[in-house]
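*Asks:* All chains, please: the whole structure from these sequences, using the hints.
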Amino acid sequence: MFAFSPYISSFIDQIISSVPYFKPELTLIVTFIGTILASLFLDRYWKKTSFTMTLIGLLLSGCYLLGQGLSHIEITGFFDMIHIDDFAISARLIILVSTVLILLFIHQRHQHQERPLGDLYAVLLTATLGLNLLTMSSNWLMIFIAVETVSISSYIMVGYFSSSKVQSEAAMKYVLFGSVCAAVMLYGLSLLYGFTGNLNFDTQSHIAGLIEAPQIMVSLALLFLLTGIGFKLSFFPFHVWSPDVYQGAPTVITTYLATVPKIAVVVLLSKLLASWLTVSFYFSDFLAYVIMGIAIATMLIGNLAALRQQDAKRMMAYSSIGHTGILLMAVLVYQNNESNVLLFYLSIYALMNIAVFIFIDALEVHIGHTQIDSYRGLGKQFPLLFTAFSLVLIALVGLPPTAGFVGKLLVFSKVFEQYQTFQSFGLLALLIVGALTSVISLFYYFKIPLNAFLKDGSTQQSFRFDPLLLGLGLLCTAVVILLGLFPDLLLAAF
Amino acid sequence: MITLTHFLVVSACIFCIGLYTVLSKKNAIMILVGIELMINAAILNFVAFGKYDKISYGGQIFGLFAIVLAAAAVAVGLAIVLNVYRHYQTINPDEINELKDK
Chain A
6 MFAFSPYISS
16 FIDQIISSVP
26 YFKPELTLIV
36 TFIGTILASL
46 FLDRYWKKTS
56 FTMTLIGLLL
66 SGCYLLGQGL
76 SHIEITGFFD
86 MIHIDDFAIS
96 ARLIILVSTV
106 LILLFIHQRH
116 QHQERPLGDL
126 YAVLLTATLG
136 LNLLTMSSNW
146 LMIFIAVETV
156 SISSYIMVGY
166 FSSSKVQSEA
176 AMKYVLFGSV
186 CAAVMLYGLS
196 LLYGFTGNLN
206 FDTQSHIAGL
216 IEAPQIMVSL
226 ALLFLLTGIG
236 FKLSFFPFHV
246 WSPDVYQGAP
256 TVITTYLATV
266 PKIAVVVLLS
276 KLLASWLTVS
286 FYFSDFLAYV
296 IMGIAIATML
306 IGNLAALRQQ
316 DAKRMMAYSS
326 IGHTGILLMA
336 VLVYQNNESN
346 VLLFYLSIYA
356 LMNIAVFIFI
366 DALEVHIGHT
376 QIDSYRGLGK
386 QFPLLFTAFS
396 LVLIALVGLP
406 PTAGFVGKLL
416 VFSKVFEQYQ
426 TFQSFGLLAL
436 LIVGALTSVI
446 SLFYYFKIPL
456 NAFLKDGSTQ
466 QSFRFDPLLL
476 GLGLLCTAVV
486 ILLGLFPDLL
496 LAAF
Chain B
2 MITLTHFLVV
12 SACIFCIGLY
22 TVLSKKNAIM
32 ILVGIELMIN
42 AAILNFVAFG
52 KYDKISYGGQ
62 IFGLFAIVLA
72 AAAVAVGLAI
82 VLNVYRHYQT
92 INPDEINELK
102 DK
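Protein chains in written order, with my numbering: chain A, 6 to 499; chain B, 2 to 103.
Honestly, the hints are just simulated from the structure, not real lab data. Relax, there's no trap hidden among the hints.
So, partial list: chain A residues that the calculated Cβ filter (under 10 Å) puts toward chain B:
(1) T154
(2) G164
(3) A175
(4) V189
(5) M190
(6) Y192
(7) L194
(8) P248
(9) D249
(10) G253
(11) R313
(12) Q314
Positions of the beta carbon are idealized from the N, C-alpha and C atoms, including for glycine.
*Replies:* Shown next, in the form of structure tokens:
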């Protein structure tokens with residue numbers, strides 16, 4: 006029997022020495038408990054207590070993160086459970102900024118509703134905690150816990166209001182599909198553990214175990230693993246849930262699902278591929294080709310299916326599937342220490358989507374639904390909103406002078422560089438499909454300005470938009486344009 | 002003598018039964034039961050492999066965490082299914098189809 010007791014004190018010493026690096030997450034945990042208590046006891050005296058507490062907690066966590074970022078630390082803690090480097094710190098900062106934007110959006114949109122929002126803020130904090138862990142970890146146990154934390158929080162968020170039939174339906178589809186994918190991923194992880202006898206995916210013994218494992222079994226395990234990751238990223242063929250859930254969920258929650266979880270999972274996938282694709286054996290080649298095929302199929306399916314959508318939220322769901330394909334391209338060519346292209350694209354992607362959903366939501370509040378037809382003639386009535394909306398859509402297509410163009414340009418040129426070194430046919434196919442689908446995307450994105458500006462519709466009674474929300478949307482749009490003109494502002498920061 | 006292979010075969014069988022349940026049942030709660038079977042198959046795998054990992058006992062620890070997480074996910078799932086029943090008066094996923102491609 007392995008004698009454990011002599012080691013306890015050294016174990017505890019190591020845990021205590023790791024705690025200071027875990028401050029941003031500890032802040033989130035403390036805020037989570039505080040928010041629950043505030044929503045139970047303090048909200049009845051001042052109903053913004055839980056919101057204020059969540060906001061302060063997120064900002065405080067951001068301060069600790071900035072402190073870590075400025076000192077450029079690179080450490081592992083908690084027995085290799087977490088690994089903090091510049092990539093993880095930048096990714097967590099992007100996650101945090103997007104979460105703060107979405108928190109403001111939720112608060113401004115739903116504060117006058119009867120249903121108290123304190124619990125929703127608490128769940129938002131746990132989801133952020135899970136995403137933070139996901140970007141830092143290279144241990145399968147930690148990754149599984151983080152993925153489940155994010156998933157369970159997202160199920161609750163989608164079902165939180167459940168004020169209508171479609172909202173509860175979206176929540177049910179999400180929870181059933183998500184749990185099946187998590188179970189399949191868990192089985193895949195158990196097989197990986199069996200091959201390697203160790204749970205850290207970036208260690209030598211893990212890679213050696215994968216090299217020696219039988220080919221059929223290792224292919225099966227990797228496909229099972231990709232099921233779980235694919236559900237969170239909603240790439241082909243695990244994208245079927247996303248249009249239904251995006252359309253059915255409240256728009257604020259859709260904004261969250263479409264942006265923040267993808268950032269963390271993309272970071273995880275790029276770390277995984279960066280440590281596995283350095284060797285060229287059966288399992289790594291298999292994984293690279295599978296991801297390549299998935300990326301091509303995802304871009305095609307997402308953009309082609311978006312063409313025939315009549316509902317703005319459903320169209321944005323397919324559009325974000327298409328963008329996942331481009332993110333997968335960026336992940337494939339990611340190498341260690343060159344994370345700025347990936348991070349730039351991720352932050353622009355989050356900003357563009359938040360802006361679009363704020364505009365869709367502002368129109369939904371007044372029209373009552375999200376059909377694109379109903380935007381007819383509204384462009385003359387609300388020139389400011391629809392101009393900003395069109396600018397963000399231009400950014401989503403990837404046309405200059407917006408940051409969407411710079412992001413796509415950086416990704417494509419990175420892929421082209423790799424193609425010139427390796428002359429791989431797969432990379433060329435990726436480039437061609439990526440360029441073609443960008444052209445296709447022009448047609449469905451421009452349905453919105455086409456309806457708003459060029460078609461006449463019955464002028465509706467005038468209504469006023471929430472000025473703070475509109476300001477938030479315009480701010481995101483302005484940043485997207487600004488970063489398109491001066492991309493170095495952000496690229497230098499990573 | 003029960004070897005590792007026995008465990009793996011049993012767990013593969015449980016996994017397949019779970020997957021079949023998920024794909025064939027017309028009741029959301031039975032689907033949750035199927036998911037539970039799949040997770041338990043994976044846990045059995047972990048514990049069986051964990052026998053050979055004498056230093057860090059990763060498999061056993063993973064099993065414990067997976068049990069807790071599965072319970073949490075099922076609790077949320079049941080609450081959501083209950084909510085669906087209030088709106089639709091049925092929990093057959095085939096009949097709950099207001100959201101679909103037109």
